[in-house]
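All chains should be modelled from the sequences, with the hints used to inform the complete structure.
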Amino acid sequence: MPPQYIPVLIFAVLAAAFPAVTLLIFALIRPSTGAIGAKLKPYECGIAPEGDARGRYSVRFYIVAILFVIFDVETVFLFPWAVDYRLLGIYGLISMFVFLGILIVGYVWLYRKGALEWV
Amino acid sequence: MGDFLAANALLVIAIVKVVVVVFVLLTAVAYITWFERKVVAHMQGRWGPERVGPHGLLQPLADGAKFLFKEDPTPAGIDRFVYFLAPFLALSLALSTIAVIPLGPGQIELFGHRTWFSVAELNISLLVVFAITALSVYGVALAGWASNSKYPLLGGLRSSAQMLSYELSLTMSVVGIVLLTNTFSLRDIVEAQRGGVGRWFVIPQILGFVCFFISALAETNRVPFDLPEAETELVAGFHTEYASFKFAMFFMAEYAAMVTVSFMVAVLFFGGYFSPFPGTPAWHWTIYLPAAGGVIGGVLLLLHGLRYHTPLGRIVLPVAGLALTGVGVLCALAGVVEYIQGPFWLAAKVATVLFVYVWVRGTLPRFRYDQLMNFGWKFLLPLSLANLVITSLIVALMRPAQ
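Keeping their order, the protein sequence lines are chains B and F.
By the working numbering, the letter at position 61 of the first sequence is numbered 61, and the numbering carries on one by one without gaps.
By the working numbering, the letter at position 183 of the second sequence is numbered 1183, and the numbering carries on one by one without gaps.
None of these hints come from the bench; they were simulated from the model.
A couple of the hints might just be wrong.
Covered stretches of chain F, as calculated for chain B (at least 3 residues, CB under 8 Å) [stated by the list, open to error]:
#1 1011-1021
#2 1084-1096
#3 1377-1388
Computed cross-link-like contacts, BS3-like style, restricted to lysine-lysine with a CA-CA straight-line distance of at most 27 Å [claimed, not checked]:
#4 K1378(F) x K113(B)
#5 K1070(F) x K1038(F)
#6 K39(B) x K1070(F)
#7 K41(B) x K1070(F)
#8 K39(B) x K1066(F)
#9 K1038(F) x K1066(F)
Estimated spans, in silico, between C-beta atoms of each pair [to be verified]:
#10 G101(B) x G1297(F): 48 to 56 Å
#11 A48(B) x A1386(F): 49 to 57 Å
#12 V1329(F) x V73(B): 50 to 58 Å
#13 L28(B) x P1365(F): 41 to 49 Å
#14 E44(B) x Q1371(F): 21 to 29 Å
#15 E44(B) x N1182(F): 50 to 58 Å
#16 V108(B) x Q1371(F): 16 to 24 Å
#17 Q1371(F) x Q4(B): 41 to 49 Å
#18 L1303(F) x L40(B): 52 to 60 Å
#19 P2(B) x L1135(F): 13 to 21 Å
#20 V1020(F) x V105(B): 46 to 54 Å
#21 L40(B) x L1085(F): 14 to 22 Å
For glycine and all other residues, C-beta sits at the position ideal for the given N, C-alpha and C.
The structure is reproduced here in structure tokens:
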């Protein structure tokens, strides 16, 4: 790891260690829980929970995840292009516009296909 | 001990800076909750916290004590490891973004070593910020999954889908600034805005700013995009099954994320640690504005405190006023006045953005979930893409390639 990243690591560790220590200390101090029965059940508006919580869920979420991957990969290409924009010059501009053009065609196709509709 | 300090001076400096920043940040997070409750209350014609301490100033401490001493039952059927991991992930990631943000100009002397006015000085700090904020989806998604309850699961799923959707426009709206500056370093981006309001990137990048701020509201799960914890439909969203201090950790993570976003808005679009006034001699007097603000605010607080209606307030508020006046006078001394400029203006900008955050909460109703997704995918994403295309064309026309 390059040395200038070490403070970030220390920061992340300390930011996790502080609540961990607090949690540990106050787990000893606070009144010990004799939680039994309904108190341990998952909350479902006060009624006994029905079935397993980790059931099926809407396929919409998978589509959002796939779309995210497509467009996020696009941003991955955009950032290095933007930082070297002056060096790449007009050639870089045209190449990126061709790439964006293909992507926008895909976006319009998705739009018309209804992939972006939630309901 | 002396040898150890000499040999590991850089490490010691890093640790000192980290401890100071984490302490200040956690205190700030505690008092932002007070600030938010107070501002929203006054917008709604209420008083807000009033009882615990003068003007409710001890409310954050009372809340903290309550969270720490609450019973903490672990629900049955949870995924134990993930259930405990999620709040740590959320809080640690939300806090550690601050490490790479430049807090003031140039370098300062610390233990005989020159060091940058930030915790870590990286040449790709912009990318690091996005990398860390992107990971914060995990805290929410894992908390929802591990709880073995239906409301948290729905909340966690909604929230991960929402954060993914708005992350696209969040990252893409910043590409315009990278095009203008050709750097990933937040310090270089701030330095490119030297010279007063006219040079701030909010002017050429107004579209990018709008996209960035709206996406950031959604990214931090704030009103009007607080669907993950929409209490009318999902009880409390992903943290329904969390109690006591573990709940407080999610709470702190949300506010720490707000602070991070405010820092990013200030740094990227509002000139970071630079004063809004141009650096010409005619505007030289503005370096005494922090001192003037401190003295005027302190005296007003003193006068107000002397007439406060509780005995404790009549002691605490005047003392705080005197202290503020003293800090103000200190800020006018030669040698201090130069150092105070960067942190003061950055803090002022961050406070303003935080106020806008609270203002939005006091004003707007919540989106419906399909409206939220449509807004992200069909409006913000094309808008940030358009901003990118327009910016690249203008940069190509105005500054020919070298």
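Each hint, compared with the structure:
no.	hint	verdict
1	1011-1021	holds (count 7)
2	1084-1096	holds (count 7)
3	1377-1388	holds (count 6)
4	K1378(F) x K113(B)	holds (13 Å)
5	K1070(F) x K1038(F)	holds (25 Å)
6	K39(B) x K1070(F)	holds (14 Å)
7	K41(B) x K1070(F)	holds (18 Å)
8	K39(B) x K1066(F)	holds (19 Å)
9	K1038(F) x K1066(F)	holds (19 Å)
10	G101(B) x G1297(F): 48 to 56 Å	holds (55 Å)
11	A48(B) x A1386(F): 49 to 57 Å	holds (52 Å)
12	V1329(F) x V73(B): 50 to 58 Å	holds (55 Å)
13	L28(B) x P1365(F): 41 to 49 Å	holds (44 Å)
14	E44(B) x Q1371(F): 21 to 29 Å	holds (27 Å)
15	E44(B) x N1182(F): 50 to 58 Å	holds (54 Å)
16	V108(B) x Q1371(F): 16 to 24 Å	holds (21 Å)
17	Q1371(F) x Q4(B): 41 to 49 Å	holds (43 Å)
18	L1303(F) x L40(B): 52 to 60 Å	holds (55 Å)
19	P2(B) x L1135(F): 13 to 21 Å	holds (20 Å)
20	V1020(F) x V105(B): 46 to 54 Å	holds (51 Å)
21	L40(B) x L1085(F): 14 to 22 Å	holds (20 Å)
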